[in-house]
Every structure is written in structure tokens, then in C-alpha cells.
Amino acid sequence: MRLCVPVTEAFRSRSETLLPLVDAVSFKGPSEEFYPGKTHFLESSYRIADVGFRGQMEGSGCIAALRSGKYAAFSCDIGPNCERVTGRSRNSFPRAVPISAPISDEEYLDRAVRNVEWLRSQYPGEIQAENNNYFPTGAYERTCEPEFISLVVRAARVSLLLDVGHALVSAHYLQYRSPMEYISQLPLDVVRGIQLSHAGSLNGVVEDLHEAPTDQDLRLVEEILAARAPVEFLSVEYYRHADILCSVYHSLDRWRFGLAGRRG
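Position 146, counted from 1, in the sequence shown is what our numbering calls 146; the numbers after and before it change by one each time, with no gaps.
Keep in mind that a hint or two might mislead.
Pairs of lysine-lysine residues, derived as DSBU-like cross-links and limited to a Cα-Cα distance of at most 35 Å, are as follows [unchecked claim]:
#1 38 - 70
#2 28 - 38
#3 28 - 70
Per label pair, the in silico range of CB-to-CB distance [claimed, not checked]:
#4 260 - 37: 34 to 40 Å
#5 205 - 69: 38 to 44 Å
#6 226 - 117: 31 to 37 Å
#7 202 - 181: 21 to 27 Å
Honestly, the hints are just simulated from the structure, not real lab data. Using N, Cα and C, we set each Cβ at its ideal position, and we do this for glycine too.
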């Protein structure tokens, strides 16, 4: 398993330390930055089944960037499944709030398939869909359920970008007995990448806090790998202090080689 680091200000300030530890870099939007010898990924917050997906992709410059051949994979989000506005939790984290009724499963899948087919006509690389985190606002129904996520990735023939922090939040609000009970029902056979951050309770609200992962979070990744998920890349979604980011990646580097030794 190889490591990927998101390109952020924290990364840029310590890139000379971090780059030797990783095999890939990821971007939240098109960028002129290039890191020789590293695999480049482009991520977006665009929704795989949005009516405006094509316009968003073209207007943001994502399509032009993908056509350049620089990016090995592109990811978009699964859900929400309704028209929405962005609100805020009491911790100032973003929340989708519905302003329309949810669309049917059939319409969602049809939109997702058509959007991905169009994207494939523009871009020959790997396409991934990222799981969202469920919150009981009414905007996230169905799209965070493992069974529905499986329907989406199989109908659209895309990989699953497994966001572990999102999965922990969804498992909590959907009342699974444990995070792994939720994760084990996801289509792990098509997981190529894992995004890892620490989720927890803040002011009584369970959120993906985007804090540095804990030993417990790493044990969960080990369980995912033990379930035969064909994970190629692991990235950490921690964006704040450069020193902590470096410490996390040094620890991950030791952890992955120790894990490889234990697995034979």
C-alpha cells in the first residue's frame, strides 16, 4: 500500500520532508503544480448524479485538467440526492439541508450512469466515487446506505474512494453497532483508495473532525485490509499544522512496512 498526501499549505511548507514518504499527491481542484515522480489525483466535491454535473466540470476547469493527462484518477461524491443549500452545524461544519424532495433510486442511478458515461468520453483515467457522511437533515437519505452505495458504483462502473471519517459518522447516525459493521457492507472489492481522518464528538455532535488519525483509526484500516479490499493508496485528510502532518506521515510509513511484514 502506498501513501498519498493532499496538496495544502501545510504540505507545501514541509514538502521537502513529506515528498520522500509518499508516492502520490492529491488536489482539491485543478492546479498548475506538478511533482515529478509522483502520481497525481484530482478530487472534487461535485455530486455524481447532479443535473448540473457537466456544467460544473467544464466551468471549473476540471475537464481541461483531466484532458491534460496529468491526473491518474478523478473522484466525485455520492449524495445528497435532492436540491439543497449548505448550512452549518453548531461546530460550523458544513451540512446539506434539503430544499426539494429526494429523487427516486432509479433516477439517481440513471443520472449517475449518464454523467459517468459523459465523463469517460472526456477522460480515459480512473473514476472514483466517494462515500458521504450521513446526517439526519433529510438531505442524505439513501445515498449513505451501504446497499445504495453499492448500487451506484456498480451501475456506473466506478471505484469507491472510501472516506473512513465519513463512514464512522454514517455508522453512528445510522445506528450500526460498530463502524466495521457499516464498512463491511460497502463494496470493498472496488476500493482503490482510502482517505483517513479522525472523526469524533465535538459539543455533542459527531463529525468528521479532520483531526490526525489515532491508533484506533489505523486498526480500522487494518480490518478493512483484512477484508481483502484491494487498497492501493492511503491518504490522510489533516490540513492544519505542518509539524503534526509530518509526524503522521512518518508514523504511517513505519506502520505500513510493519503491516506488510505481519501480512507476510
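Okay, the hints, checked on the actual structure:
As the CA atoms of residue 38 and residue 70 are separated by approximately 10 Å, the hinted pair is consistent with the 35 Å bound. In summary, the hint linking residue 28 to residue 38 is supported, as the alpha carbons are separated by about 16 Å, within the 35 Å threshold. Distance check on the hinted pair: residue 28 and residue 70 sit about 14 Å apart at the alpha-carbon level, within 35 Å; holds. For the pair residue 260 and residue 37, the supplied restraint of 34 to 40 Å is violated, since their beta-carbon distance comes to about 21 Å.
In this structure, residue 205 and residue 69 meet the distance hint of 38 to 44 Å, their C-beta atoms being roughly 42 Å apart. The hint said 31 to 37 Å for the Cβ distance between residue 226 and residue 117, and at roughly 35 Å that hint holds. Between residue 202 and residue 181 the C-beta distance comes to about 23 Å, which sits within the given range of 21 to 27 Å.
When the structure is compared with the earlier hints, a violation turns up for hint 4 alone.
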